[in-house]
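Number of protein chains: 2
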Amino acid sequence: MPKEIERKFLVANDGWRAQARAGKRLRQAYLAATDAAAIRVRIADDAVAFLTIKSATPGMSRDEFEYEIPVADAEAMLAMRVGEIIEKVRYAIPCEDGDLTVDVFSGANAGLVMAEIELASEDVVPALPDWIGDEITRDRRFYNANLAEHPFGSWATDAR
Amino acid sequence: MPKEIERKFLVANDGWRAQARAGKRLRQAYLAATDAAAIRVRIADDAVAFLTIKSATPGMSRDEFEYEIPVADAEAMLAMRVGEIIEKVRYAIPCEDGDLTVDVFSGANAGLVMAEIELASEDVVPALPDWIGDEITRDRRFYNANLAEHPFGSWATDAR
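Read top to bottom, the protein sequences are chains A and B. Using the UniProt record's numbering, read the first sequence as starting at 1 and increasing by one per residue. Using the UniProt record's numbering, read the second sequence as starting at 1 and increasing by one per residue.
Hints are computed from structural coordinates only; laboratory data are not their basis. Computed from a predicted model, the values in this text were never measured in an experiment. Where is the CB? At the ideal position from N, CA and C, for every residue including glycine. Wrong hints could be hidden among the right ones.
Output of the computed footprint for chain B on chain A, the stretches with three or more beta carbons under 8 Å from beta carbons of chain B [unchecked claim]:
hint: 1; segment: 30-36
hint: 2; segment: 46-56
A few chain A positions that, by computed beta-carbon distances, are all more than 10 Å from chain B [to be verified]:
hint: 3; residue: Val89
hint: 4; residue: Ser121
hint: 5; residue: Arg140
hint: 6; residue: Ala156
Next comes chain A alone, as it looks inside the complex (with noise of 0.2 Å):
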């Protein structure tokens, strides 16, 4: 079974601007995030679209399934969401223990920058870059299907 395992951060500095390739334009939506699963839509670039299911097992790893399909398709289905629709351009960053990206949100979750870097395996303890910032792979709020129910631009200043 595919499995998919990733810590998450916030992002303290600007600092991996310098080493950031061409960003990707996302816009992704849930169809459903229910205690078991989470049906996403992903249109990258208007160019590729992608449904994805995530398991929802809290933490580092979480199975997944994806499959590729027409970006008319996906279009559609936006409309079929629960919540907003979440919008971000994703920047890869050279790393050597895994995909490190760096995620600028806007519209709804306009403010909020994320760095994930995807891992091999659990055990692996990546080098992290001095931009990193705070870890918060186990916190819910930010879960993009909680970010697409309770968009960052309505947290409560005293809550981030």
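Given chain A, work out where chain B should sit, using these hints.
Chain B only, in chain A's frame:
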């Protein structure tokens, strides 16, 4: 956008069996059913599997997006379901006006036998065989997503 136009009926007697082609064993479950969409996994004869997104519009016409997926993925996704696994054998019946099928349910929905006819347009008035019983197209209790949450076997006898 792909549309599914279908009418559903109860079955009044066993007259259909004489015309039925070989049955196909279907196991299916819902990953979620929201006000806007139902997300279904279906495995046919343990040999082929589909992930299907249907809009939740009540009545004859629903948007439907269906993708073939690996059977192993579908088996794993059954564990992420809401409600029961729906088990049924689907029989195709020759019919001039559209695709006519009879579903004989087992498991939690044992006792339910339902006919569906898929039409090219809502204006087609199909010639229906005499074994066709009451129309249930708009009766939400018979939606498969509802049969997963509230199986036929759990209905009170006087509510049937």
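Does the segment 30-36 of chain A contain three or more residues whose Cβ lies closer than 8 Å to a Cβ of chain B? n = 5 at 8 Å, threshold three: holds.
Annotated coverage of the segment 46-56 of chain A by chain B, confirmed only when three residues or more have a Cβ within 8 Å: holds (count 4)
Could you let me know if the closest chain B CB is still more than 10 Å away from the CB of Arg140 (chain A)? Arg140 (chain A) is indeed farther than 10 Å from all Cβ atoms of chain B, at 18 Å.
Beyond 10 Å from every chain B Cβ: check whether that's true for Ala156 (chain A). Non-interface label on Ala156 (chain A) holds, nearest chain B Cβ at 27 Å vs cutoff 10 Å.
Compute the least Cβ-Cβ separation between Val89 (chain A) and chain B, then decide whether it is above 10 Å. The assertion about Val89 (chain A) holds, with a minimum of 27 Å to chain B.
Verify that the Cβ of Ser121 (chain A) lies farther than 10 Å from every Cβ atom of chain B, and report whether the claim holds or is violated. 20 Å, holds
The structure meets every hint from the earlier list without exception.
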